[in-house]
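**Student:** Line by line, the protein sequences are chains A and B. Residue numbers 1 to 197, in the numbering used here, belong to the letters of the first sequence in order. Residue numbers 1001 to 1271, in the numbering used here, belong to the letters of the second sequence in order.
Hints in this document: simulated from the structure, not taken from any laboratory. Don't take each hint at face value.
[As the list claims (entries may be wrong)] Cross-link-like lysine to any residue pairs, in silico, SDA-like; alpha carbons within 20 Å at most:
id, chain 1, residue 1, chain 2, residue 2
1, A, Lys147, B, Asn1004
2, B, Lys1003, A, Ser125
3, B, Lys1263, A, Glu68
4, B, Lys1003, A, Asp94
5, B, Lys1263, A, Arg67
6, B, Lys1185, B, Glu1123
[To be verified] Per label pair, the in silico range of CB-to-CB distance:
id, chain 1, residue 1, chain 2, residue 2, range
7, B, Asp1250, A, Arg51, 12 to 20 Å
8, A, Arg51, B, Tyr1097, 32 to 40 Å
9, B, Ala1177, A, Arg104, 25 to 33 Å
10, B, Glu1172, A, Arg104, 27 to 35 Å
11, B, Lys1019, A, Arg61, 47 to 55 Å
12, A, Glu160, B, Gln1146, 47 to 55 Å
13, A, Val22, B, Tyr1097, 47 to 55 Å
14, B, Asn1256, A, Arg60, 33 to 41 Å
15, A, Arg67, B, Asp1142, 34 to 42 Å
16, B, Ala1171, A, Glu160, 45 to 53 Å
17, A, Val22, B, Ser1271, 36 to 44 Å
18, A, Thr73, B, Thr1005, 21 to 29 Å
19, B, Asp1142, A, Val22, 38 to 46 Å
20, B, Gln1146, A, Asp159, 53 to 61 Å
C-beta: ideal position from N, C-alpha, C; glycine also.
Here are the chains, one letter per residue:
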Amino acid sequence: MNSAADLPSIEAIVIGASAGGVEALLNILGSLREGFKLPIIVVLHLPDVRRSHLVEVFARRVAMPVREACDKTLVEAGTLYFAAPGYHLSVEQDRSFSLSLEARVHYSRPAIDYLFESAADAYGSTLAAVLLTGANRDGARGLAQVKRRGGMTIVQDPDEAQVATMPRAALDIHQPDHILPIRGIGRLLVELERIAC
Amino acid sequence: MEKNTEIELRLLIEAIYLKYSYDFRDYSGASIKRRVNHALSQFECTTISALQEKVLHDPAAFMQLLQLLTIPVSEMFRDPSHFLAIRREVVPLLKTYPSIKIWIAGCSTGEEVYSMAILLREEGLLDRTIIYATDINPRSLDKAKQGIFSMESVRAYTHNYQQAGGQGSFAEYYTAAYGYAIFDKTLCENVTFADHSLATDSVFSETQLISCRNVLIYFNKKLQDRAFGLFHDSLCHRGFLVLGSKETLDFSSYGNQFEPLVKQERVYRKS
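Next up, chain A with everything else stripped away, as it sits in the complex:
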């Protein structure tokens, strides 16, 4: 890992995860202390459901406030957001959320690419994007777009991931800034927050 001095100043963190993602996310986010100030926006693929219980599940295990990302609301510091089931989620230039029912991407809605590509445009070099375990190819293109816009990219070490397909698909088309196990990702997010806030 780079030394702290090399780390950029980050305004927001986006995370994408699929199969095995709940456990990986609980490990990373559960380790963050109360008062973590950066916003974290998560797309987690779920089986087709109208309502998800992610907010309730994570609110019990994470020290930050947890919300579903609502259309046209501003991204607030220190908040953990989940994309609503059945809708794509994007971040606009004015740092507000927008929802969309456009076609599925990689059979998924919400899609990780959709969030990552829009957040890359909105935040540019002040975005950090994390791609975790999963069984499809979503997130790879989005991660590459984050890098093109000068943001930081982090991929879970495929050897450690519960399902390695998604991290490997990203590594096929993109050389991320960091390839890390879950614990290392948690530590890096803490370090990014310390520098930014």
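Keeping the supplied structure of chain A fixed, place chain B upon it in accordance with the hints.
**Tutor:** Same frame as chain A, now just chain B:
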């Protein structure tokens, strides 16, 4: 590079407005950008400027682009609990009116229209209701008028219909042929399909109920407010407004002009 893209995108949207009067200027940026990027590959253009040249000089090309800029995904009885709430909470009040006018704004290819018409028929209200079904996309309106949907999707709608409190057999409402379901034409006897833009047009009738679902998510706050203003002006005293499951009046300046009737299902009533 990215700076150029932003400029070109704005110019394209402006050109479309100036030439064809379709106003996408206050649509949510991220989604429009994504759809224009998709259009680039469909039109085999390498830049948005090239796409602009094409659609500016060729109305047929613009009509093709319009299909990519609008989102025609819809389903019948989408969010069944929403229709159940209309049936239980709104219909009893609608029954007190001698005649009813309903506006389905942004009806796309008609799924919401047929859902509403079926619900009203089962509640004995269809004969005294006029439905205005509006959209900006003429091809979507044509498709809505035809009322032909693939059997594959109709199977999913059947499940929705049952969950939405459907009282009959969904198959009574269509004739199946060659993998398609042709919906009963009498459902649309009192439906007027019309071209109408929430961005540029004004109110055309007084209504008792307006349904505008999964349209406002594509608008920015300013355009959302314009639409809410139209709905407010069109609705009669104590009229009903129903929205998509992720749409809300909470952040609008019209928020205090409506009260939630079934908040969870996005059913509002004019205060």
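**Student:** Does each hint hold? Answer for all of them.
**Tutor:** Consistency of the hints with the structure:
no.: 1; hint: A/Lys147 - B/Asn1004; verdict: 18 Å, holds
no.: 2; hint: B/Lys1003 - A/Ser125; verdict: 14 Å, holds
no.: 3; hint: B/Lys1263 - A/Glu68; verdict: 16 Å, holds
no.: 4; hint: B/Lys1003 - A/Asp94; verdict: 16 Å, holds
no.: 5; hint: B/Lys1263 - A/Arg67; verdict: 18 Å, holds
no.: 6; hint: B/Lys1185 - B/Glu1123; verdict: 18 Å, holds
no.: 7; hint: B/Asp1250 - A/Arg51: 12 to 20 Å; verdict: 19 Å, holds
no.: 8; hint: A/Arg51 - B/Tyr1097: 32 to 40 Å; verdict: 33 Å, holds
no.: 9; hint: B/Ala1177 - A/Arg104: 25 to 33 Å; verdict: 29 Å, holds
no.: 10; hint: B/Glu1172 - A/Arg104: 27 to 35 Å; verdict: 31 Å, holds
no.: 11; hint: B/Lys1019 - A/Arg61: 47 to 55 Å; verdict: 54 Å, holds
no.: 12; hint: A/Glu160 - B/Gln1146: 47 to 55 Å; verdict: 54 Å, holds
no.: 13; hint: A/Val22 - B/Tyr1097: 47 to 55 Å; verdict: 49 Å, holds
no.: 14; hint: B/Asn1256 - A/Arg60: 33 to 41 Å; verdict: 34 Å, holds
no.: 15; hint: A/Arg67 - B/Asp1142: 34 to 42 Å; verdict: 41 Å, holds
no.: 16; hint: B/Ala1171 - A/Glu160: 45 to 53 Å; verdict: 52 Å, holds
no.: 17; hint: A/Val22 - B/Ser1271: 36 to 44 Å; verdict: 42 Å, holds
no.: 18; hint: A/Thr73 - B/Thr1005: 21 to 29 Å; verdict: 26 Å, holds
no.: 19; hint: B/Asp1142 - A/Val22: 38 to 46 Å; verdict: 45 Å, holds
no.: 20; hint: B/Gln1146 - A/Asp159: 53 to 61 Å; verdict: 54 Å, holds
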